[in-house]
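Use these hints to put chain U onto chain L, whose structure you have.
Residue numbers (the working numbering), protein chains in the order written: chain L, 1 to 501; chain U, 1 to 343.
In case anyone wonders, no lab produced these hints; they're calculated from the structure.
Sample of chain U residues at the chain L side, in silico, Cβ under 10 Å:
no.: 1; residue: N56
no.: 2; residue: D60
no.: 3; residue: G84
no.: 4; residue: S86
no.: 5; residue: V115
no.: 6; residue: N116
no.: 7; residue: V117
no.: 8; residue: P118
no.: 9; residue: G137
no.: 10; residue: I150
no.: 11; residue: S197
no.: 12; residue: G198
no.: 13; residue: P270
no.: 14; residue: V278
no.: 15; residue: F294
no.: 16; residue: R297
The calculated lysine-lysine pairs, modelled on DSS-like cross-linking and capped at a C-alpha distance of 27 Å, are:
no.: 17; chain 1: U; residue 1: K92; chain 2: L; residue 2: K118
no.: 18; chain 1: L; residue 1: K131; chain 2: U; residue 2: K244
no.: 19; chain 1: U; residue 1: K58; chain 2: U; residue 2: K244
Rough simulated footprint, nothing fancy, chain L against chain U, three-plus residues with beta-carbon under 8 Å:
no.: 20; segment: 201-214
no.: 21; segment: 271-277
no.: 22; segment: 298-306
Ideal Cβ positions, reconstructed from N, Cα and C, are used throughout, including at glycine.
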Amino acid sequence: MIEEIFSFPSTMLWPLAACLVLTGIHVYLGVHVIARKVIFVDLALAQIAALGTVTGVLLGYEAGKDVTALYIYSLAFTFFGAFIFSVTRMRGEKVPHEAIIGIVYAVTFAATILVLSKSALGPQELDHIIKGDLLWVQSHVVIKTALIYAAVGLFHFIFRKKFLAISFDAHDASSNGVNVRLWDLLFYMSFGFVITSSVAIAGVFLVFSYLVIPSVAAMLVAERISTRLALGWTGSAIISFIGVKLSWITGLPTSPLIVVLFAGALLLTGIFRYMRSAQRKVVAVRNMAGAVLVVGIFLGGVFFFRNPEEDALTHTLHLLASPLSTDRQAGLSDLKSYRNRDSLWLPSVIRLLHDQDAAVRIGAVNVLGDLKSKSAVQPLMGLLDDGSDEVVLAVLHAVQPIGDSSDASTLVARAGKIDDREMKTEFLRAALRMGDPAAIPELIGVVADGGVFAADALDAIKGSVRLPSGMETPARLKRWWAANRGRIRREASTGIFYLPG
Amino acid sequence: MRIRSLLVLLPLAALCAATAAQAGEGKLKVVTTLNYLRYVAQEIGGDRVTAEALANPKQDPHYVTPTPAMNQLTSDADLFIENGLSLDIWAKNVLDASGNPAIQPGNPGHLIATVNVPVKELPTEVSRAWGDIHPQGNPHIWLDPLNVRIVAKNIAERLAKLDPEHAQYYQSRYEQYRNRLDAALFGEELVKALGKSGGDVLVRKAVNGELTDWLKLRGLDGKLGGWMKEAAPLNGMKVISYHKTYVYFADRFGLQLAGELEEKPGIPPPPQHRDAVVEQVKRDGIRVILNDNFYSRDAADYIAGKTGAKVVVTYLDVGATPEVDTYEKLITFLIQSIAQAAR
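Just chain L, with the same shape it has in the complex:
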């Protein structure tokens, strides 16, 4: 049992490793971000990095090929962003720093769209920034990222006193002689360095979640920074493991699943804190029950008002009348299941014989042909003038089993006016199968013409006429027909022509 819980598909090890690498640095940076009240700074820096990448693409570097050049572009842009964030932090907080960050985010996002409108990447790139590529991450990327983060982490560990001082009480730090602007710049530069790599792997949503949710959850239950960090790291590692594993089991996309699991964990932590800190437990339990009830009613209502499913045949009839030709085709193919209720759909199908789309007409011809009803012949024969050869061939195929010899004579008459040897042969083949021997001399004519379709015509004759052996040449065929045209009979059971006696 325990083995089963901890067993892990080997191909998911690198995505999990990437999650753990993210956990290490982001939970730590998250503590700073929350203390500084710059929750959305990672979104803004990620967007600035993206703007750098797409600008690089616009300036001639190719995504997927000039990886290093594009990375330098995005890093340079991020450092520029770090510079902006460090100089815009105001001492009196007259303008909240979060406002500046929001503005930078919105503007860079818009600028990214502007740049993208001129490049080949298009909206996919925005999508990519948001969702990342956790599933496709390769081992060398994870190792490289881990090394980068270890360096950043070491840098922060060495100067931890300064970094913590400017994050938690910048005013105090300033009066203690710390150059706040410089250390702010260093903070944002290292932060941007991390974000650029993280977003490329995991996307904005997942990075944001690793940064903010563990720190917030830890804040709810612990005061000391070291305790918060320990809780955040442990919690994130567990969520990462569960998320990757659950994604494997359920087939759901990995990154969004982890984000939702983080939210679930935060919710549970919140409830835990509420219950623990409540003065009167009875009241707390009652309030919780009330909350559960409200959520239940909401979700129940959402489900109650779902769109009820249409009756299948009604749905099919709607499809037959749809303005989209592909809907009409789909409707026709669905009719197979309702053959015994043709009175309901027959008028629609007859109307579709004159649809503007050839594929729909073919579908309607096939459905009518499948009915094997004599009454279908007339409407079907009306399509012999159709502009599409495919439709005409479908009609010929459909009328063969149901048409009689007078319908066959119509086909022979038409065949006389057709230039295309192959189509002509098909008309005559159908006419012969339907019982008009007048098609035989016409087919012999095609054989006599020679050329590519002579064999088809001979084949059509042989398919419906029992010929004596040795009738391969046009001259012999012609002689045979001249001698026997008056004597030929048709076998009622098979429809084959033969010479009696």
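Coordinates of chain U only, in the frame set by chain L:
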């Protein structure tokens, strides 16, 4: 002051002159969503038509952000041509904003180019209930030259309807273009060998998937040329593609699409799917992964890194790069680059 008013007047005057020039020439103004449609419309319209496309051919035709310039371009168009099949749904926004009643759906000035094209992958009843990214079937029909033949006919008929005085002109240009396509696909020698409706006969055989057998039976297989011959190495070759973009191309030239990297573009596939693709590429010895130029390469590179298959960056529309600036070059490019990567 005087200079400023002059500055205002100059572009105005230029605009008037341009409009007058256009009206003077009496050309039909055709606006298309995709660039392949522009190319075909221009081939058929000749010097009686000016055709312009809205989408940037480098980008994914599913997602185009309409701009004011597009609205401006369509505001005085005589004919608006879209691919349809839920591909260029953004065209609706452009039509709404154009303020041009002539090109609204239902009017002769609006044409869905893919009418009469046999659409593949129509959703079945079950998948319709589940929702599908291509509710009207696979829309990338133009990568099969036989479908472009139909599109060309649709465009020719519509041009003739809008400009009946020159109906003969459009018809003959359509026939020329059709003959050129037939020759490009089957080789000129074979088409000629079959006489007057040779192209039609070959098209019918190809549509029914019996071309090769039929040619052999008739002893004509030596005469086959064009793309069909050039694509011989593709016949039966298995490839992986990013998205179901190449269904029509594959069916025409015998390529087998063994699987997709991401079935719904932008939604990461289930992890098992990824491993199944790697497994399949190894098992079937698949050597080529097709990746449209506008999709991220991470997925394709991942599979390539695990298996040694080659990633071919493909283009979907005419004009995505200068080397595919005509439809014919686009098809040639696809055939050659796939054949080369497999070598």
